[in-house]
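Asks: So the protein sequences, as listed, match chains W and H.
Take the first sequence: its letters are residues 950 to 1635, numbered as in my numbering.
Take the second sequence: its letters are residues 950 to 1635, numbered as in my numbering.
Careful: at least some of the hints might be erroneous.
It does not matter which identical chain is meant; a pair holds if it fits inside one copy or across any two.
[As the list claims (entries may be wrong)] In the DSS-like style, the derived pairs of lysine-lysine whose C-alpha atoms are separated by at most 27 angstroms in a straight line are: (1) 1480 <-> 985; (2) 1480 <-> 1521; (3) 1010 <-> 1509; (4) 1347 <-> 1455; (5) 1594 <-> 1146; (6) 1517 <-> 1576; (7) 1480 <-> 1594; (8) 1582 <-> 1480; (9) 1480 <-> 1576; (10) 1587 <-> 1146; (11) 1510 <-> 1146.
Rather than coming from a laboratory, the hints here were simulated on the basis of the structure.
2 protein chains.
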Amino acid sequence: MIDSWLSIWVKTPVIFGVIALVIAAVFYFRVIGMEKGNETMERIAGYIREGAMAFLFTQYKTLAVFGAVVAVLIGISLGKVAAASFVLGAVLSLLAGFIGMKAATYANVKTTQAARSGIKANALVTALDGGAVMGLSVAGLGAIGLGVLYIVFRESELLSPILHSFAVGASSIALFARIGGGIYTKAADVGSDIAGKVIENIPEDDPRNPGVIADNVGDNVGDVAGMGADIYESMVAAIVAAMAIALTSDALPTLLEGDLEINKTVAIGLPLVLSGVGLAVSILCIFLARMMKNMDPAKVLRGALIMPPVILAIASFIIMNMLGITQSVTAVMTIGAIGGTIIGLITDYYTSAGPVSRIAEAARTGAGTNVIQGLAVGMESVAIPMIVVAAVAFLANKYLGLYGIALSAVGMLGGTAVVMTVDAYGPISDNAGGISEMSALGPEVRAITDELDMVGNTTAAIGKGYAIGSAILTVLALFSAYNIEINHVRALNGLGAVELVLTDPKILIGILLGSILPFLVGSSTMLAVGKAAGAIVVEIGRQFREIPGLMELKAEPEPKKIVDIATKAAMKEMIFPGCVAIVAPVLCGFFMGPASLAGLLAGSLAVGATMSLFMANAGGAWDNAKKYIEKGKLAGEKKGTDTHKAAVVGDMVGDPFKDTSGPGIAILIKVMSVVSLLIAPLIALL
Amino acid sequence: MIDSWLSIWVKTPVIFGVIALVIAAVFYFRVIGMEKGNETMERIAGYIREGAMAFLFTQYKTLAVFGAVVAVLIGISLGKVAAASFVLGAVLSLLAGFIGMKAATYANVKTTQAARSGIKANALVTALDGGAVMGLSVAGLGAIGLGVLYIVFRESELLSPILHSFAVGASSIALFARIGGGIYTKAADVGSDIAGKVIENIPEDDPRNPGVIADNVGDNVGDVAGMGADIYESMVAAIVAAMAIALTSDALPTLLEGDLEINKTVAIGLPLVLSGVGLAVSILCIFLARMMKNMDPAKVLRGALIMPPVILAIASFIIMNMLGITQSVTAVMTIGAIGGTIIGLITDYYTSAGPVSRIAEAARTGAGTNVIQGLAVGMESVAIPMIVVAAVAFLANKYLGLYGIALSAVGMLGGTAVVMTVDAYGPISDNAGGISEMSALGPEVRAITDELDMVGNTTAAIGKGYAIGSAILTVLALFSAYNIEINHVRALNGLGAVELVLTDPKILIGILLGSILPFLVGSSTMLAVGKAAGAIVVEIGRQFREIPGLMELKAEPEPKKIVDIATKAAMKEMIFPGCVAIVAPVLCGFFMGPASLAGLLAGSLAVGATMSLFMANAGGAWDNAKKYIEKGKLAGEKKGTDTHKAAVVGDMVGDPFKDTSGPGIAILIKVMSVVSLLIAPLIALL
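Here chain W stands alone, though its shape is the one from the complex (with noise of 0.2 angstroms):
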């Protein structure tokens, strides 16, 4: 039974991640071959694809040369076969990033002209269709990948340093891409709005505004390509953390009685079929999504994010029964999807009920009661969802100790795919939104798109859940691989097990020096924002002022030249951040041992985990408190009264909270323990 199992349910992350690609293409071309929008649509959709294809191969270059040097570093220490994987896990990375690119930038002006026609199903459709395209790209190239470097080094000794260095590919990317990519949207978003306070007359999104092409590409960028990388990264470290626990752990569960070298090589191998099946799975739900376009949006969106945990539970229960594999693997898959979506809802509560009523109020008595009551209730928001995390460590640790922990990420991200498809979705309605007004298509048409994108806004909290649940516990399942890691190392080499005990010195300064880190990457992000979006605001006045008959709808502005602003912005300043995550654990696990080093990871977990959910939170109840706001929501105010201009500056000091630093801050410390494990066996004896 279990020998059938070992040779065919292995490949099922490659089948169903080809199957994936092959259903991705479909749908991309099916996007591009719709029909064409008018001559200003195309004109517009051009520009952004364009900007965000620059934005793509600046990036490229930038990692390309970090790239080398990190694989080089990786191939002296650890051998060339683990520096290929590196590669080959950015690469993947990389790829996955630009076909859901390409697809998006193609997809936002094909729903704006299905939107035309009027059958909102149809616009729904073409952007679900769209995102898709991402979804099952990151999904697949992900399992892929994966499945493929387990198929053929399964039997290796270098098994565990491929599927870290692997990780660590696919960390490095996600990690620049969503700083890089963050970065580059907020400084066109704040840029574009202070300049349309600063100039007069020109409104954020007005056409003659050169800021609103790069405040389009910024979706792309920093929602398609960021939230892409960071998420097929989620996924990639969830399942090698359950992987490098199951290969180096003495003290594996129990997974179905008999020989001990079978269950490990189940252990090592269940992830991988997990995420197999979960990528199945949502496949089929991308498809029942589809056919329910007749629908209310919202049903459909929020019906296609709940469905995977669901039926993936059910699929399990079913395999486990069948492999004769104990059904706590189920009842841990079970635990990480429902923790995944209670944190979900959480995060949509607090962006989007009471809470941002109350700061929408607090606008009332002027910008500095709504920032404080932001900050409050982000600061709250923090609570339930650590709570949850906690409580499905505990539970998963229960049912199979640390294994448990990360299974329960694997099973949080069961509906990968999908999650993608919906958060990709958002950036290409709020893009079909931005072009159908860019082309002044009327209301009826604005009508459509604007209830797609606002959809899609409420909807992304459920997938930020999955995605901030499944980073902590992914952190706390690589921070225990790693210290499995260490002292299989040491115990390899003659050695005792390091002791991490909590009150040691090295290990209480290490604390203390990783709660810095995410404080420097929350810092340098915002500054960055703020420093590139002041060049926006000068370029863009520059254009008013140089530009003759601008003013007067008479003459093009020069979008491009914003473009470039923010691509060059965003290249320099993900430097320092995307360095201090990779540079630090290196430096304290060389410098200050492996103790130090996990207290280094533990410390920064602490105020990372809190931090990045009080940012993305605050940000979240921000903007829409300003949304509350313009959709008259609150008693005698509407757009541009003084309530209003209040909620604009919480707004603006949310928008990098939520879309950079707090993803920012989320991502580092995923990446430093995907990296704090790869250099596991090198500090082991120091």
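Given chain W, work out where chain H should sit, using these hints.
Replies: Same frame as chain W, but now just chain H:
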């Protein structure tokens, strides 16, 4: 030699404590006996004094209930003597607060009167004397309390719970005084500020504004009583942490050659002796500062702050030499003192130099960029102080192990009496300015009080450095003491040690939960300030509408009503954050066991240390950025311009950051550690 040590030196804290109180009494009556101001001045000062005392007595009532409950619980679980010690620790704190506040609320108007004479030195000395009453009371009562307890119970088996209970008493009062005082002072400040904007033509510090008195009361309540309780607690906690480690550790460093028992006795008594010597040195420095009264006030205060640690190091060198105790003690004390000074200078840098001008500059493009810049500066400012604390802990541990870490905190707090003197000097001179403004005394008086006030603000940063640095070190030491105590109790009961292994899921879950707590305290205190400020704005508006002739200066406002609102709000809102700090470790300890509680402490330490630095420094920087613009240092800007208005928003956000939430979070982590140490024997066997 060492026999005489035991009998004589151990009395130093009590002896110098009594001397300090006598000097405080002399200063007190000297201040009271000084020349009276005119009728308006005395009336305003009377309002402030009444309001401050009303707050104090209301707080006493609330705290009496709380204290009775906790005393009973301690009595039941740890015995009557421990309960009495808890009450003593609390009552001495309240007594110091009472004396200090009484002195401060006389010294303010006397300082104004002295300034009227035109001789700056007289005004300086009056404010200093008023502050010294608080400084000497705080340090004196703390030294006497701990000194007497030690002398009476040093042979008793109950010494540990008695000391821990005393510290819990001190911490509880500090917690509520700091949070309650912080809410009061910032609610009054923000409330008056908003009222000044909402109600036409009523600036923040206009005598017609009924919130002005409450604002001045708030300075006393927050920065005299609140800060005093905080510093008293810091001193007590640092000494108790060192004594606790000495009492139960099996791995004490060798302080002097010979008998192990004597070594232990010396280790237990040494922290007390050093604080007694520190007090003596502080008294000396206060007199030196008074003698320098004709010099530049900034130099006087700066010198007063930096001298004690230096002189204490020299004294320690001589004393250790005399007694044959290792000079490692002197080294550790010196390292602590230097570390504290560096942190102070860094704090000073981030809240006054380049970073402040950049925040002011950012206000040119609006409140949003001003807030973003301030948040970024605050985040960045976390790094160096944490690195310095880590370095101090590292070096102290090299010299004298965990005991050394605790001693380094004692060294950092060597000048407690002086630090508190300078801290209380601040609100006295601030009040003096307020009184001169409200009494319309003319610009030449205001010039003197303004200079004294400004100097107080900048030197306070150095004092804050000692406070925050020592807090983190103390928590590290308490944390170790907690673990030692747990395993000590287990050993007495024939049980093996609890291994606090970092990767134990219990500890990881504790870390996750612990990281929430600072955010909960931050959120609830931010909201409390917002809520109370809102109520004050409403009441100010009511007075202007309903008191005929108020606007035309023909009628008096009713400041007592504002004072009343602020007092009630502070009492009500301090309950939740206060209870979080005390209940969370108790619940975690009893329900999840000692390992999870250790994790809880570690998580809240990592987040709390960084968050409190971030909030305190961001708040200070915003405040000074606003003042920077008001002083005309930003080209083309001044009070009333749009840029200044944007800076006011940052200042308003910074108010609760720096004076309510930041300090509240700092004290949270101390209270949690002290409570954990107290309950350690009760949960050690769980």
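Asks: Hints the structure violates: just list their numbers, smallest first.
Replies: 1, 6
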